[in-house]
Amino acid sequence: MIHRIEVRLREGFGDPHAEGVLAQIRELGIETVSAVRSARLFFIEGDLPLDDARRVAAELLADPVIEEFQSGRRETASDFTVIEVHRKTGVMDPVAASTEQAIRDMGLEISSVRTARRYELSGDITDEQRATIARRLLANDVIEDVHFAAYTPPETHTSKYELKIVELPIRELDAAALEKLSKDRDLFLNLTEMKAIREHYKGLGREATDVEIETIAQTWSEHCGHKTFRSDVRVTDESGKEIERIPNLLKTTVFGATKELDKPWCISVFEDNAGVIEFDDEWAVCFKVETHNHPSALDPYGGAGTGIGGVVRDPMGTGLGAFPVANTDIFCFGPPDMAIEDVPKGVLHPRRIMRGVVAGVRDYGNRMGIPTVNGAIYFDEKYIGNPLVYCGTVGLLPRGKCFGNPAAGDAIICVGGRTGRDGIHGATFSSGELTHEHETEFSGAVQIGNAITEKKTLDTLIQARDAGLYSAITDCGAGGLASAVGEMGEHLGAEVHLDRVPLKYAGLSYWEIWESEAQERMVLAVPPGNVEEILKIFAAEAVEAVVIGHYGTPGKHLRLLYDGQLVGELQMEFLHNGLPRPTKEAVIKSAKRTSPSPQPKDNYNDILLKILASPNVASKEWIVRQYDHEVQGGSVIKPLVGVEHDGPGDAAVVRPVLSSRKGLVISCGMNPKLGELDPYNSALHAIDEALRNNIAVGGNLEQMAILDNFSWGNCNKPDRMGALVQAAKACYDGAMAYGTPFISGKDSLNNEFQTDTGETIAIPPTLLISAVSVIEDVSRCVTADAKEAGNCLFLLGTTTADMGGSHYLLVEGVESGTDVPPVHPAESKKVMQAVQKAIAAGLVRACHDLSEGGLAVVATEMAFAGGLGVDLDISSTDVPSVAKLFAENAGRFLVEVTPENSEAFMEIIKDIPSGEIGKVTDTGMVVIRENTETIVDVSIADAKQAWQGTFDW
Amino acid sequence: MATPKAIVLRAAGTNCDKESQYALELAGFEAERVHVFRVMETPALLDEYQLLMIPGGFSYGDDVAAGKILANQMIHHLAGALNKFVADGKLILGVCNGFQVLLKSGLLPWGRADADEANRDATLTWNDCGMFVDRWINLRADSDKCVFLTGGETLTLPIAHGEGKFVTRDDVVLGRICDGDQVAVRYDGDNPNGSIDDIAGICDPTGRIFGLMPHPERFVDPTHHPAWTRKKTDHADGLSVFLNAAEHLK
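So the protein lines, in turn, are chains L and G. Numbers 17 to 969, taken from this note's numbering, label the letters of the first sequence in order. Numbers 5 to 254, taken from this note's numbering, label the letters of the second sequence in order.
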């Protein structure tokens, strides 16, 4: 039987969640709801007497101080509107799993627990409004069902899966039939690829099974195979004239720079799940950044949470396993203030996406106990159908355990979470375009995470690693076991018994087990003699681990079995090297340089305040505070700095080894506004900004590594591909000029959205550059907040009149020209080296890099972060005032130096473009003068209010 | 006196155990991190230690309520051993999730793990803002009884929690806690979560069991402070909590 238990707050205790829901109902424009109450619902299934169920409710489920419970259904007063939100069958429910265990801890036997949420709304609302509230605020159709009355789910009955091997005849298919097969099974393979598969099976003289075709499609997916980036490219100009041919774009550009730079401190680059560099004699660090864009569009909370969960597993699966020490998060959303009626069909409102994404990252990252230390958020209308969610993880691993090496005969052990139907076709799905129908079509591609499963898996894996019990490890990410076992066994072959994989529920077919992207799973290669001992380590902390097969087969084949019967057999050689390398067409548009010239004004106060309040620049404190950025005890420079701990920081610094003074500086750079105007310089700007941010707090250009994450539109379209080629070339040029190798990267292509009216919205070319550097002594670090009145302010770097893509034009509502400020990496590098030297010498009291909003914004941020003022005179150079205040040239810093240290500082910067432009004051005012005129005079209180007001959610 | 030994208890989802161990070691303890399953198998393990620390994190995901499931395990499997630990005059420190566990197991406020009494009189619930919050706050040590603090001292420490609002069943309970000098620390100035009477941490009637929401282990190095670049000092407020414990055990 099923006991339904409702738990709700007693009268007199406030319910912040229900109040939050009420506020959001008002945001929807529904004014008639006067109050919201919420309740937690538990459904306990099993032969449990009512008295015991009530004991469970009293002692475990309800907090007796503040809550009351009721078993059975509560009578609903007629003036309440009831909305209950229940998970769809098969959707992971972490609370239910923990509750089951806790009930057993009480000595009671049950069969299962389910949970749900209930809301009671007072006030008159129409059925339509009720549906809007349920759909827009409370439930996600993809994973949840809504009931408008008390609902108790039926007892669960799952039927066992009966093996039925499905053959997919392919040898006789013509082109049309091949394309149909690809489409019908959501393989996302093109005709050339389908033909290659057909020819392969003709050669074998047999038909394929479904699991074989699925495995090939997954291995060859854009997501796993990076087909576009590894393709040959034919580049033409707009007239169709061929300019050049580039063999293997990735190898020529991003990889190429790393290879040529050949830094001795790079341990493993582009070959493992994360790039690995030296930290000290004992430790190495690795860094990986991933995107989780498509799932986050459908289910922001689950998508972003599993984005973090997934990228955390990359370091865990790097070398012989790293311990994650820091996370980063960078998001791109549609405008948060967009009118609801303007949001295209099939798309969630940007605010809902943003709230969901932030909550997803928060709940997963915080539970994992990994500090989220660095990030950024950008807004643009073109992200409306394709929000971008980048998640990064830095890990720490012993120097002697940076490489795994599976051997023939090693057992394949799957450890961690169970396998369900979650995320079937995730890898192929994330390689295609989204349409307004994807919401329903691909709901299975959304995964639901359970951070605690991943955390306890991590805890035990590190013990097994330190005991030296396994020879290789990798994560189950996109493509699931197929990808993990397929990659680890590439040179050995593997035999997998799919019926041995632990399942969340019965009924999965063999290919679903093989392809499932269920979260929190890792795959190990374990020498046979260590199997017993390693299983003991996992069992000791209730982590599930099962031997599912072994590596090493005759002919190095991948053999898949179910109940002892062969259900698929693939040649590793064909799987990994059979993908035809395509030639992509790219068109590079000749950039006609246009440059609208802004009219000079007498006073720029309003513009300054508008830029400070603009979403890209405004304070993200609302988000930062929701992330635990100090767990693990290594925090040195936090995301928010200054006298009241609420000013903008440039980069994060952490001490990953608590007993050491050495630190990691972590930063990022991105500028979607520039991407469309000038893909080449946009990419250089992203690199320069990531390095600048890093240097500004005390980073080390001598040992700084960078990562590339491209999110692009559909690169089968030659103009998108052309922009990709330009950005990739900038990556090569930038890495070479700054001396910063790429150590890892990832791309997410096809970020385009088809609206129901047939319009295609492509995202702006969006390149995220992440940087990490290693520093000797964290106590040398500096922050951006102004420190003391009387200190001198120096502007380093060159400012020009180019205003393309600037926030000045954005807030003025002026359409930008293409005059993106050119980046000069060689000059920038000199500036960065000077800053690094001055910080190392202890000459710098504060340092802030110039980026969005230019000098005026940066000086203002320094002033209010320090609770002080600044007085600047910008008469000296001959660029227009608007540019001096708001241009966004790369390679610039504003540096605070005490008068006593000025001379020594000037000696260091004597060979770079620089000037002393003013002083820190204690007036609480930002004053900027030009030729005796005061063109800015804003109080730091007003400035801070503007900056903090936008996201005061 | 021999070096005092501390056990840092961890469970699935505990995540402040390493830095807690480090803080204890800085203060002169020999500290070990031990999984709760090991203690459930052999409760006598606790005999080897003079201080039990339940660190922060999300034990069992904070599913059902923060700290509830670990507290449930302690009540049903370890009550005897824990009550003996207390009776032996030893120290217990619960930080953040650990404080939630102490309240929900009954070790606070009245110093006894007990299924019938646990979680009856006081609890920690959702912050008024309804969200997880990480920020630094000022604290005032208000008790002369709590051995981890010096009465009257002020501290600056970070908080990082969603369920940190201290609530009592009624004013009678609150009065009893206050009258017993059991309010160990109050938020000084800014109350970040709506706790009644600005309570940030309490101790049991002996002063030897202490639970608090702020994280002392996150301020044991001067560079932990969010504004350390403004004025350099060698001081780290959180370390004193562990030093006081070590001093008491000498």
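Be aware that one or more of the hints could be misleading.
To be verified - On the chain L side, residues computed to face chain G include the following (Cβ under 7 angstroms): (1) GLY484; (2) ASP644; (3) VAL798.
Don't read these hints as lab results, they were simulated from the structure. All residues carry an ideal CB built from backbone N, CA and C; glycine is no exception.
Each hint, compared with the structure:
1. GLY484: violated (20 angstroms)
2. ASP644: The hint holds - ASP644(L) has a Cβ within 7 angstroms of chain G, the shortest such distance being about 5 angstroms.
3. VAL798: holds (6 angstroms)
The structure fails to meet hint 1 from the earlier list, while all remaining hints are met.
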